[in-house]
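2 protein chains.
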Amino acid sequence: MTETKRTEIATLGEFGLIDHLTEGIELVNASTRRGVGDDAAVLDMAGKATLVTTDLLLEGIHFDLTYTPLKHLGYKAAMVNFSDIYAMNGTPRQITVSLGISKRFSIEDIDALYAGIRIACEDHKVDIVGGDTTSSMTGLTISITCIGDAEPADIVYRSGAHETDLICVSGDLGAAYMGLQLLEREKAALRGNDDVQPDFAGREYILQRQLRPEARRDVIEQLRQAGVKPTAMIDISDGLSSELMHICKQSGVGCRVFEEHIPIDYQTAVMAEELNMNLTTCALNGGEDYELLFTVPIGDHEKIAQMEGVRMIGHICRPELGMALITRDGNEMELKAQGWNHLG
Amino acid sequence: MTETKRTEIATLGEFGLIDHLTEGIELVNASTRRGVGDDAAVLDMAGKATLVTTDLLLEGIHFDLTYTPLKHLGYKAAMVNFSDIYAMNGTPRQITVSLGISKRFSIEDIDALYAGIRIACEDHKVDIVGGDTTSSMTGLTISITCIGDAEPADIVYRSGAHETDLICVSGDLGAAYMGLQLLEREKAALRGNDDVQPDFAGREYILQRQLRPEARRDVIEQLRQAGVKPTAMIDISDGLSSELMHICKQSGVGCRVFEEHIPIDYQTAVMAEELNMNLTTCALNGGEDYELLFTVPIGDHEKIAQMEGVRMIGHICRPELGMALITRDGNEMELKAQGWNHLG
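One line per chain: the protein sequences are H and U, in this order.
Terminal number for the first sequence in the working numbering: 989, no gaps in between.
Terminal number for the second sequence in the working numbering: 989, no gaps in between.
Looking at chain H on its own, in the form it has when it is part of the complex (with noise of 0.2 Å):
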């Protein structure tokens, strides 16, 4: 017998294992535009784009439910779909939705999860068209996939950012990780005592931008009426860092970025303290803010400075140059994608 070789999936890691599986393949349809590698794929459907994404959400993995209510997640599990199609410049329309459901859970839980999932879809007016149930022999699993539309040339694609381009994200970061640093704090010091209740007073933010995240419609609605095209665009799911990579290695760019610049909450900050954390590590790599990052040519600089809840944190350059954070004593420091490497 022949020993069948054995590489761990932790030598890649997720993008990597993504990479390895996706190469050589070529694309047969002609209404498929552009399949793998971006927020979402791009259909051509008789001369309009379509855009298709999707989210694999299991429970231990992405989610806890000792602190996570099941209509919280059913929200979040919609708006973090619907995120990657704004992350295109497009609109969400429909959304399948396939549960996995072990014998711990009742209709009742079912329900509650099903009806964040439906607030979602009607604060972002789209549909909910089908999907799959079965159950699971260990936990919750949920499979999400949003179909959206886009006018073809309104499409933002992940690799467009040019020299000069200016670095924007909307919203504030880290506040989400802080989030969950908190409630993960208070697990463990709650653990096996069940009647005294967290004390989560001033720091509403942080939770409900871990527990109730929002998919920035408003930043591209706002883009829009501004007549400002993003040149790349991409939502910040595994960290500023990691995104930022993203952009610059599909765009053929560098990057630098003001550490002074990067928009951080008053409780992110307070939290950071308290766990002994370095607030811009947190900022970077945190992860799940679902804030969007993109880049404009440097002559809508003014049509930015205008808009409310985003900040210009940086430039493009050239490849050469690297990807930089200028640190507030202006020393450079190469970014490196950390992110959340779920298979690492």
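It is worth saying that the hints were derived from the structure and are not from the lab.
Each hint can be trusted.
Copies of the same chain look alike in the list, so a pair counts if it works inside one copy or between any two.
20 Å max Cα-Cα, derived EDC-like pairs, lysine to aspartate or glutamate:
no. : residue 1 : residue 2
1   : Lys832    : Asp709
2   : Lys693    : Glu796
3   : Lys770    : Glu671
None of the values given here were measured: they were computed from a predicted structure.
The hints should help you fit chain U onto chain H, whose structure is shown.
Below, chain U alone, put in the same frame as chain H:
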């Protein structure tokens, strides 16, 4: 503290749960033509119809890796989605593939799985356009969404069957279920005995039907060439009885199916005999056949009679007459949809 109500999901069953969750969903997008309730959703993209279907496969529920080669599993996971698109009389064009992978699996394992998916895609000219890859705490999770297209006028729903229509089925039934029974028997017999290899000689067909099902594009093509448009159509994943029930319920009709006309392969019959199982029950409720079940106007009788691999097994009747099987000895038995109930 008020007690939370807990209703077991088993009280509703899979179809009941889906009905319950999707009750009262209102579709708000002009592009959504048909949502939950058929083999695929139907979207209207600039006058052309887009079809969307999705399947969630979980280890321990839908497949057993003790006897399922990963390459075959990948092939089957893609194929069952194509089958849903063909069942709408459409053409599959794109899929997204999401994988949840536990540490038990190596890159070589996932390569094998993906190789199977890619072979299925090449055979049916389908593009892999995206997906999601994550680690899992337990086992393997596969979630595939398939996008297809069709001319709006060509789409066949489950709801179009009329009184006097002929009920037709492609291929033969019950073989995949017998293949599963054989594999389960050999697994039990070989437990703790790794040196012995099972002898599957003369049973290749039922194994192939279980491990490597084929979506019936050829049947769709035959129907088109013959100029036959079915009035209703569904693919047989949960068993003939269950699928007939969907067509009858959604079309508001009854049916009569003749036991003697149900197509069954010789190997299926031999295996049922050996296992002392009722052959007709296996053919009616076995599931995983991935054949097409459809109805045609009685005027198409001659055309169907000339088709290879398609059998007329009964006819549609008034709803008051219910769903019944006419046995070989001329008795009428009410048809009940046992099917697979993964949530039972």
